[in-house]
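A.B. asks: For reference, the chains in residue letters:
Protein chains: 2
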Amino acid sequence: MAIKYELKHVCKQTGARYGILHTKHGSFETPIFMPVGTKATVKTLENSEIKEASDGLILGNTYHLWLEPGDEIVKDHGGIRGFSKWDGALLTDSGGFQVFSLSDIRKIKEEGVEFRHHKSGAKLFMSPEDSIRIQNNLGADIIMSFDECPPFNSTYEYMKESVERTLRWAKRGQIEHKNTADQALFGIVQGGPHKDLRIMCAEALKEMDFPGYSIGGLSVGESKEEMYKVLDYLKDVMPEDKPRYLMGVGTPDDIIEGVIRGMDMFDCVNPTRLARHGSAMTSLGRIPIKNQLYAKNMEPLDPNCDCKVCTTYTKSYIRHLFKSEEYLGQRLVSYHNLYFLKKLMKNIREAIKNDSLLEFRKKLYRDYYKR
Amino acid sequence: MAIKYELKHVCKQTGARYGILHTKHGSFETPIFMPVGTKATVKTLENSEIKEASDGLILGNTYHLWLEPGDEIVKDHGGIRGFSKWDGALLTDSGGFQVFSLSDIRKIKEEGVEFRHHKSGAKLFMSPEDSIRIQNNLGADIIMSFDECPPFNSTYEYMKESVERTLRWAKRGQIEHKNTADQALFGIVQGGPHKDLRIMCAEALKEMDFPGYSIGGLSVGESKEEMYKVLDYLKDVMPEDKPRYLMGVGTPDDIIEGVIRGMDMFDCVNPTRLARHGSAMTSLGRIPIKNQLYAKNMEPLDPNCDCKVCTTYTKSYIRHLFKSEEYLGQRLVSYHNLYFLKKLMKNIREAIKNDSLLEFRKKLYRDYYKR
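Chains as they are written, first to last, in the working numbering: chain A, 1 to 371; chain B, 1001 to 1371.
There may be inaccurate statements among the hints.
[Said to hold, decoys possible] Straight-line distance between alpha carbons at most 25 Å, and here's what the computed SDA-like set of lysine to any residue pairs gives:
| # | chain 1 | residue 1 | chain 2 | residue 2 |
| --- | --- | --- | --- | --- |
| 1 | A | 123 | A | 108 |
| 2 | A | 224 | A | 367 |
| 3 | B | 1308 | A | 312 |
| 4 | B | 1119 | A | 316 |
[Claimed, not checked] Covered by chain A, per the in silico footprint, the following chain B stretches (three or more residues, Cβ under 8 Å):
| # | region |
| --- | --- |
| 5 | 1037-1051 |
| 6 | 1067-1073 |
| 7 | 1077-1085 |
| 8 | 1306-1318 |
Derived by calculation from the structure, the hints in this document are not laboratory data.
For every residue, glycine included, the Cβ atom is placed at its ideal position computed from N, Cα and C.
Full structure from sequences and hints, please.
C.D. replies: So this is what it looks like as structure tokens:
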């Protein structure tokens, strides 16, 4: 078994789950946030920094690494871990999301998807088997089934057809995947906003007995209420003894609402992307560090943060780096934002264990969102 | 006294100097290379990395910090060291070079220079006293006199006039500079290609008794032969008991030729700028890491380097970072290139002590330049 999930405690206030996810490269308390290292690098940071600013489980993107440098080159290094020299645990997505979100022109067939390279326009093709083979080469601890990710507002008929195909693709991926001892393949629940399709998809995947389950097709432009509703539908359907991964979710409110709805794993480019644009996530809300307001500010980014950035630099210095277009600015805020989320997840886990997650949510909404 | 220079050994083969430069923030063996941190950051790197990849003495640029964030803000942090949290030693230039190289429109008067901001076009003015006051605020261990840096091919008449003004400016700066206990003010030798002007300038500065001397107006587009000739003129004129700083020089050949002509200190953006363009300085010469040639190369950047980049990553991975426009690539090569120069300087110092600098130069020309 590549992974094992232990459910340790369920919050009496909310039903949120505290657990431990065991992998071959570390055991991780859940709920967990996983920083995204799309191209075998978490943008601007080196491994020692990622170690400090994360819990040790990060993402790589199959689509990008397949195209550049190519999964064979990554395989020659012994997988992403040998390529980037990351010695923690890893998860890869299936490439499906990028096939559907980055490429304008595509043709979905039973066999797989024909599409155009998002930059060069070159003709490409990916099948569920291709995705698994590539992910086997990339060598992450946790890998994903190849799924279709249709627009949230597709017709019911199309969504039904799509979910059924995604289930057939999940089965084909499961058959293709041989390396089950080292890599855990997750099934992905699709179905847009439709309760019956979501439940049907989840039940069918449960039948196939995956070591973990992802919720896909969310955080794709729908409202927060729509997203939370889908999670409500699924809360009691998902198996208790397997980890649940809410894909692409990374804002503090969505994370805590996901946790309350039984989710265990989260990933998003949000904290590092915000950082590169000069937006720092702090215990008192987001800060636009480029603002003139901070030109002479001698305080740290976050007065309540003990990360190396906050214990070292002033807002004034970090603002200067951004105004001067110096890379170090992006780097320092990227580190801090990931550290902020790491600490948020730790606090969420504590609140679950103390059966006080509602109070914690109230505090988060008050301090971070001023609600 | 802010600094003290001890001449420890003169190479019997070449006359090159091995010495120790004592500052309030560390003692440094010379010849030394100083990385450039223009805007209070050595581009892409953080302090812990700069510590590892340098000898601990770096540069800041007065012109840039005066304009952004402003020297008063830096002063409020306790100088550059408090602003960027660099705990090593520092040197600042006078701003003169930038006034003359970055601004197209300027008017030189006895009082100082009127010029336009290199981006906004705003009207600015800097006098020798301004430069010193700004540098006092920036708080470096070693600071520079405000000098005019005319084109190398100016007429003899203009160059003479300019050198005489630069000498008057040096005197005014010396009078303005009060903080002599903490900051050592260097005089700058100008005079273009003209032997008599260079010697006249050096002699006049010697009279003023500065704690160190810089050679300016070189590495500004003249040929290497012309540069080396100027250094030859000055070799026996410069005082033995003071450090000699060859400004803006940072290629291996210019460094070793400078050392052979009695120079002790060097700085240049070259290693970090090359790095950002994907050019790695190695014991076997420069490597264009973006080249297809390295796509599958499992070797380190430099097989003879023990830096953390070379003991960790493959050329294939670093090439991938550059091809993917990932900032980490620039960061890794910047670190390596500085480390390469640090090691080069160490080897040069060893060769001076062993009276074998000519053999070392032969080896450098053979291995690095294939000459």
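A.B. asks: Run every hint past the structure and note whether it holds.
C.D. replies: So, going through the hints one by one against the coordinates:
no. : hint           : result
1   : A:123 - A:108  : 13 Å, holds
2   : A:224 - A:367  : 20 Å, holds
3   : B:1308 - A:312 : 24 Å, holds
4   : B:1119 - A:316 : 22 Å, holds
5   : 1037-1051      : holds (count 7)
6   : 1067-1073      : holds (count 3)
7   : 1077-1085      : holds (count 4)
8   : 1306-1318      : holds (count 5)
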